[in-house]
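S.K.: I would like the entire structure built from these sequences, with the hints used as guidance.
Using this note's numbering, read the sequence shown as starting at 23 and increasing by one per residue.
Think of the hints as simulated: they come from the structure by calculation, not from any bench. Model, not experiment: these values are computed from the prediction. Every residue gets a Cβ at the ideal spot worked out from N, C-alpha and C, and that includes glycine. Wrong hints could be hidden among the right ones.
Said to hold, decoys possible - Label pairs and their calculated CB-CB ranges: (1) ARG59 with ALA148: 29 to 37 Å; (2) VAL30 with THR154: 50 to 58 Å; (3) ALA152 with THR36: 51 to 59 Å; (4) GLN39 with GLU83: 19 to 27 Å; (5) PRO86 with ALA156: 22 to 30 Å; (6) GLU42 with GLU83: 19 to 27 Å; (7) SER95 with ALA35: 33 to 41 Å; (8) GLN39 with ALA120: 38 to 46 Å; (9) SER117 with GLN39: 26 to 34 Å; (10) GLU138 with ALA84: 34 to 42 Å.
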Amino acid sequence: MANAPGTVTVTDATFDQIVEHGIVLIDFWAAWCGPCRAFAPVFEAAAARHPDVVFGKVDTEAEPGLAREFEISAIPTLMVLRDGIMLGAQPGVMSARAIDDLIRQVAALDMDALRETIAAREAAAAAASAATIAR
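M.R.: Now the structure itself:
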């Protein structure tokens, strides 16, 4: 199935490059999934409204490794990333208004503060792990 204008196919080989910069929404879908087919026009219309956002599509049948890696257990699932950081995933069909609101919220995030928080959590986890090993 060809992508609609404004959307890109995401594969295991292209994932890192596609999500590296900016806001990225990824629709995990399958051709046999009725709700996925119902959500596709909403997702495609959002891509047309938000040309500054990357709208990717992962066919879970063609890319089972990506679906497994991100623990996709229901489709459609919409994953949101910014600057390579996964912010969350929402299973089920979303409305146009909900997608627009999600994009506004993600755009408003202070990414420097988020990166600092992530680094602090990772440092704390590494310290706790080192302390456990030292015992």
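S.K.: Take the hints in turn and mark each one as holding or not.
M.R.: The hints, checked one at a time:
{"no.": "1", "hint": "ARG59 with ALA148: 29 to 37 Å", "verdict": "violated (45 Å)"}
{"no.": "2", "hint": "VAL30 with THR154: 50 to 58 Å", "verdict": "violated (43 Å)"}
{"no.": "3", "hint": "ALA152 with THR36: 51 to 59 Å", "verdict": "violated (36 Å)"}
{"no.": "4", "hint": "GLN39 with GLU83: 19 to 27 Å", "verdict": "holds (22 Å)"}
{"no.": "5", "hint": "PRO86 with ALA156: 22 to 30 Å", "verdict": "violated (40 Å)"}
{"no.": "6", "hint": "GLU42 with GLU83: 19 to 27 Å", "verdict": "holds (25 Å)"}
{"no.": "7", "hint": "SER95 with ALA35: 33 to 41 Å", "verdict": "violated (24 Å)"}
{"no.": "8", "hint": "GLN39 with ALA120: 38 to 46 Å", "verdict": "violated (27 Å)"}
{"no.": "9", "hint": "SER117 with GLN39: 26 to 34 Å", "verdict": "holds (30 Å)"}
{"no.": "10", "hint": "GLU138 with ALA84: 34 to 42 Å", "verdict": "holds (37 Å)"}
Hints 1, 2, 3, 5, 7, 8 from the earlier list are contradicted by this structure; the remaining hints agree with it.
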